[in-house]
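Note that the protein sequences, when read in sequence, are chains A and B.
When we follow this note's numbering, the leftmost residue of the first sequence carries the number 314, and every step to the right adds one.
When we follow this note's numbering, the leftmost residue of the second sequence carries the number 2, and every step to the right adds one.
Quick caveat, the hints were computed from the structure, so don't treat them as lab data.
Warning: the hint list may mix true and false statements.
[As the list claims (entries may be wrong)] Quick partial rundown of chain B residues pointing at chain A, CB under 8 angstroms, derived from the structure: (1) G117; (2) R145; (3) Q149; (4) Q265; (5) G309; (6) Q380.
[What the hints assert, rightly or not] Simulated pairs of lysine-lysine, BS3-like, Cα-Cα distance not exceeding 25 angstroms: (7) K380(A) x K308(B); (8) K308(B) x K429(A); (9) K283(B) x K421(B).
For each residue, glycine too, the CB sits at the ideal point set by N, CA and C.
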Amino acid sequence: MPKLQIPVESTTLGNGLRVVVSPDRAAPFVTVGVYYQIGFRLEPRGRSGFAHLFEHMMFQGSENAGKMVHIRLINSSGGMLNGTTHYDLTNYFEAVPSNALERVLWLEADRMRALKVDDENLRNQRDVVKEEVRVNVLNQPYGGFPWLDLPPVAFRNWPNAHNFYGDFADLDAATLDDVQHFFKTYYAPNNAVLLILGDVDPGEGFSFAKRYFEDIPAGPLPPAVDASEPPPNEERRAEVEEKFGTLPALAIGYHAPARNTPDWRAAALLDRALHGGRAGRVYRSLVSERQIAVDTEGGLNYPVGDLFDYQGPALLVSRIFYRPEYSPDAAIAAYDEVIGEIREKGMDPGELEQVKVKFQADYYSMLESGMGAYMPRFGLMHYLACFTLFDNEPRRINTTLDGFLAVTPDEVQAAAQKYLVPRNRAVLVRRPSVSGGAQ
Amino acid sequence: MTATPLPRSRLSAPPALGPERPVAWPRRTVHTLGNGLQVVLAELRSFPKISAELFFRSGNAAAADRAPGLADMTATVVRTGTVSRPSNRIEQDLRRMGAELGTSAGADTSAISVSGVAEFSAGLLELMGDLARNAVFPAEEFERERRQRLEELRIERKTPGFLANERLRRVLFGAHPYAIIAPTESQVEALRRENLVEFYREHYVPSNALLVMVGDFSSERILEQAEQVFGSWKAGPRPEAVAPQPPEIHGRRVHLVHLPGTVQTEVLLGNRAITRLHPDWKRLSLANSIYGGAFNSRLVSNIREQKGYTYSPRSGANSLRQQGYFSVHAAVRNDVVAATLTEIFYELDRMRSLPVGEEELADARNYMSGVFSLSVATQDGLLGQLSNVFLNQLPEDYLEKYRDGIRSLTAADVLAAARKYFDSANAQIVIVGDQEQIAEQAALFGPVESYNAS
Numbered sequence: 314m315p316k317l318q319i320p321v322e323s324t325t326l327g328n329g330l331r332v333v334v335s336p337d338r339a340a341p342f343v344t345v346g347v348y349y350q351i352g353f354r355l356e357p358r359g360r361s362g363f364a365h366l367f368e369h370m371m372f373q374g375s376e377n378a379g380k381m382v383h384i385r386l387i388n389s390s391g392g393m394l395n396g397t398t399h400y401d402l403t404n405y406f407e408a409v410p411s412n413a414l415e416r417v418l419w420l421e422a423d424r425m426r427a428l429k430v431d432d433e434n435l436r437n438q439r440d441v442v443k444e445e446v447r448v449n450v451l452n453q454p455y456g457g458f459p460w461l462d463l464p465p466v467a468f469r470n471w472p473n474a475h476n477f478y479g480d481f482a483d484l485d486a487a488t489l490d491d492v493q494h495f496f497k498t499y500y501a502p503n504n505a506v507l508l509i510l511g512d513v514d515p516g517e518g519f520s521f522a523k524r525y526f527e528d529i530p531a532g533p534l535p536p537a538v539d540a541s542e543p544p545p546n547e548e549r550r551a552e553v554e555e556k557f558g559t560l561p562a563l564a565i566g567y568h569a570p571a572r573n574t575p576d577w578r579a580a581a582l583l584d585r586a587l588h589g590g591r592a593g594r595v596y597r598s599l600v601s602e603r604q605i606a607v608d609t610e611g612g613l614n615y616p617v618g619d620l621f622d623y624q625g626p627a628l629l630v631s632r633i634f635y636r637p638e639y640s641p642d643a644a645i646a647a648y649d650e651v652i653g654e655i656r657e658k659g660m661d662p663g664e665l666e667q668v669k670v671k672f673q674a675d676y677y678s679m680l681e682s683g684m685g686a687y688m689p690r691f692g693l694m695h696y697l698a699c700f701t702l703f704d705n706e707p708r709r710i711n712t713t714l715d716g717f718l719a720v721t722p723d724e725v726q727a728a729a730q731k732y733l734v735p736r737n738r739a740v741l742v743r744r745p746s747v748s749g750g751a752q
Numbered sequence: 002m003t004a005t006p007l008p009r010s011r012l013s014a015p016p017a018l019g020p021e022r023p024v025a026w027p028r029r030t031v032h033t034l035g036n037g038l039q040v041v042l043a044e045l046r047s048f049p050k051i052s053a054e055l056f057f058r059s060g061n062a063a064a065a066d067r068a069p070g071l072a073d074m075t076a077t078v079v080r081t082g083t084v085s086r087p088s089n090r091i092e093q094d095l096r097r098m099g100a101e102l103g104t105s106a107g108a109d110t111s112a113i114s115v116s117g118v119a120e121f122s123a124g125l126l127e128l129m130g131d132l133a134r135n136a137v138f139p140a141e142e143f144e145r146e147r148r149q150r151l152e153e154l155r156i157e158r159k160t161p162g163f164l165a166n167e168r169l170r171r172v173l174f175g176a177h178p179y180a181i182i183a184p185t186e187s188q189v190e191a192l193r194r195e196n197l198v199e200f201y202r203e204h205y206v207p208s209n210a211l212l213v214m215v216g217d218f219s220s221e222r223i224l225e226q227a228e229q230v231f232g233s234w235k236a237g238p239r240p241e242a243v244a245p246q247p248p249e250i251h252g253r254r255v256h257l258v259h260l261p262g263t264v265q266t267e268v269l270l271g272n273r274a275i276t277r278l279h280p281d282w283k284r285l286s287l288a289n290s291i292y293g294g295a296f297n298s299r300l301v302s303n304i305r306e307q308k309g310y311t312y313s314p315r316s317g318a319n320s321l322r323q324q325g326y327f328s329v330h331a332a333v334r335n336d337v338v339a340a341t342l343t344e345i346f347y348e349l350d351r352m353r354s355l356p357v358g359e360e361e362l363a364d365a366r367n368y369m370s371g372v373f374s375l376s377v378a379t380q381d382g383l384l385g386q387l388s389n390v391f392l393n394q395l396p397e398d399y400l401e402k403y404r405d406g407i408r409s410l411t412a413a414d415v416l417a418a419a420r421k422y423f424d425s426a427n428a429q430i431v432i433v434g435d436q437e438q439i440a441e442q443a444a445l446f447g448p449v450e451s452y453n454a455s
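Only chain B is shown next, with the shape it has when bound in the complex:
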């Protein structure tokens, strides 16, 4: 123990921040195999475990014209059997290696992820390779997963948060595949096993793939193992897809989704904005943080801490590969829907009209910079950030430069971003709740279109 210091605990002001220590970036290796598979490795040795994710740059948007949700269903069934391993064996192999497996698809990617104990990293890579190359899509597993998907969809379409997201995406993206976040029941019923096999053949190819792995390992060893597991995988053409443009949107509108029996109203509004490849991305991120992205933001202070309308209001800048959108969310009690929207728009317009003060700006820059650093301090967090860089083809030093980029932003940057991307005059307002209790309040904010939940 060091010498007992003077008692300072009665100080009535918080201690100043000490000097900041630089972040030491983990050793990183980037390598592309002969067949086009890109491999990104980062050594983070805090615990004897690893996380790895094999991405394919094709998701539900890639097959939206054929079958909404096809990438999703392909990813669901891909883990249920390979040429040499039936489903049961896959699950037991995972347990034997102390591992978790996840297979999923979003709008733009399909992914096979594992996390497990470091000493089994070779076996886990081998299993990933087996799923990526040799999946057989057993008919009975497909049928079972399809029935499960139908049951899930029925529940999702009674879930306020899901319904709000589904409606907002439809309104913002129209004919673009990003309009669809989940298939209808009849679309799931129409899926055939052959559709999955075809999607797998076309999109699960090395030229379309990225392997990111983080954890306690030697990169040289892993590269050798990756070469063994994936090197002989035959290169296929990289699939291309062209999507229709989303609609022009003029004027504020309300989209009311009627869900009977609700005791709270889900409010979600938004407008199209930009992707993280856009030069304004950091400006928008900072403006969002000040508006409603942090606990210490204007939106949370207003409608939660002052008015008590809601528990967890938040805003977000969302980036998909081709398009981005800005959104604001709050689940509020039924009698304050209009009051909530009034405050949401008041705060948006304040961001659009007046520059933020220097103190608020400095606080927000520190917040974004610090939370970013925390997000690369865990294996899964670093894996997520590296994936963002390499899936979006951002500059390779993007992460290293991110904090300086945030710290250089000014009040003028924030104001400009808010004016461009907080498009309050054309915001599309989705509310999900009991029509009788909220329709009149909703109508104060624009023409109302009504929908039933299912």
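So here's chain A without its partners, still in its complex pose:
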């Protein structure tokens, strides 16, 4: 496969804002992102859900763009926008026709400079977030499974283990002062990266960045959060009730090797061998052959992220919906046979080669759109941001594949033996209510 040569230019403004430009003039669109290095892992103790609630507040009004103005200006320029909260980052992004580039930058700069919100806005968005939690978690079969209910079992340190969407009591307790304090603490330009992709000349992109962002004052960097985990020494298990769904389900999370280590790259390929579609070992064995399970999926940092978009401790997760006539122990035992086999025999070179081709293809797909079909270069923006915030090396976008493609069968097996062991994992069973559904 051809080697990637995506153009990447980067600079840092006087106030510490990092700027990355990746031009491609073929189509008249730009994709713009502002990524802040704050996510739900890093939110203050006793304020569960605050990073996400705050993300909503960033759409409620800034110094010169009042409530709904931001949204109206983007939509009426022919563009779309959104924001999302992750473990270690929060992003705001727009895709617009390139004649709206300056307007987008003006808006992003305006809300990086000053948030202008009131109690009414906060009450409103607290209500909206509660309905978001209900529609995504509390009122859905398997809502939040396993991204909300596995971390508290697997992790011991609050930053990694609390309710990321927020306990309603914590959401209710949030005040406007908390909002402004959070903004001052985490939303300084020196804690962020600005990305401009697509129909833009790099020189022009940098000069626009200077024009709109450079006079926003830098702030003190946020206090460091200790998100480290004690080394796991025993398997942890838990069970939770499934209110609506009729199938029992299982989530298994192995503590993953630290980012950018050889073990991490080997674990990423192990993950694809286990979970890569229907050719993946877990699906093939549990669904196709033994027919114990109805569906299986998984991944590193699954299901709300992937192997590139986090910085702290993460899990390599398998999620299994299995047939009700099997006990949790029987399902786990069947899964363990799959894990045992890869631990004992590793992968043969043929399988590893296939997995690498698929890994590379998935990476290309992610870069091209990565968010449905409607946002060009979303994945390219996302990864450039991660490589800048976490590694200070946006050009890694063109080279990161090399390390994965160089992993050997021996390294894969060594990683399996080191990480895919019971004492390194947490197991969560989601068991339907006795009645087989809510009553």
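For this one, chain A is given, so just place chain B on it according to the hints.
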């Protein structure tokens, strides 16, 4: 770097839009093979990958009289084995070529889609051809997929969004096949492998097919490969189906689906409207965008940003091949069901009564035009738009002319579309939730019919 410009960041008004650059349309090739298979290719070379989809113009509606969900089950099992490739081999071939395969059926189409690395495009076409022509529907794979389908159905019928859609479609379409979005468990149990084989023989034929492919390739090469893979496929008659008319609907009614234990209520209402072949389609699309189709719409501003009743309210103009419908959706907290419906109808009636202002109109036209352009900027997005054109037999320059069509619409167009297609007096209201908490609120909006979730 260019010279440092004057600091303008303190400007209190947003910069004006610069001049718009025209969209350069990717090179497109349209060709029909001797056996009737229509091939549409578009070169989009941003990344070294391709997306391709082989459609058959028959979906679940084509077999509704025989077996609801038959097209769906046929598409599910079609990927599990061919004359020369068992299931395992298919999946490994895909991985070897770095590809994803999807097989699915909707109301009007069945489809086999692949996306993968450009250098394997010949192999991927060959695999698609193998599935389309030589599938064997292994008995044990059929049985396994059927059991899985049963388990999925049990979960779907506990899912508020699914239940609301299922009920609305039943109410709007009555005896028409579009009334059914999923089979019952007993209908799935009654399916036989032979039903699938028969559907496959009848409908997976080249005269009924459309191949759309987008990505980094040379169209000449792909046409040659398509001829090799599909050229010898024997033409069959193009299947025809006649569907009964959907019912006449008079008066607003409430359809309450009781799902115990819910902590939120799913509200979905709608009325039959038009398909994208209708001359009013763009007018309706624009009216919908202003009403509730965009983040910056009246519905979202009202019940989300002002009142905080809901997270993601939306309205939509939905086009199936023979029929269309307009719908409004919101998942709301239980104590504001009546308040939400009041606002939904208030905003519908406002659209029906008063012309939109020039600024709001211009904003909405820009939004639709721009988002359309974005939707053709990715491989999968362009593939979807091209499929719409060729599956619906829209004019071949439909995409190129779409933005001008939207930009020419007036406030009078929007008002006329709202009056015709936002049929608030005859809207059918579906609510899914806990009966005890919502029945009284629901009854304020019309006669109530109640159903249990499963």
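I'd like to know which numbered hints this structure contradicts. Please list them from smallest to largest. none
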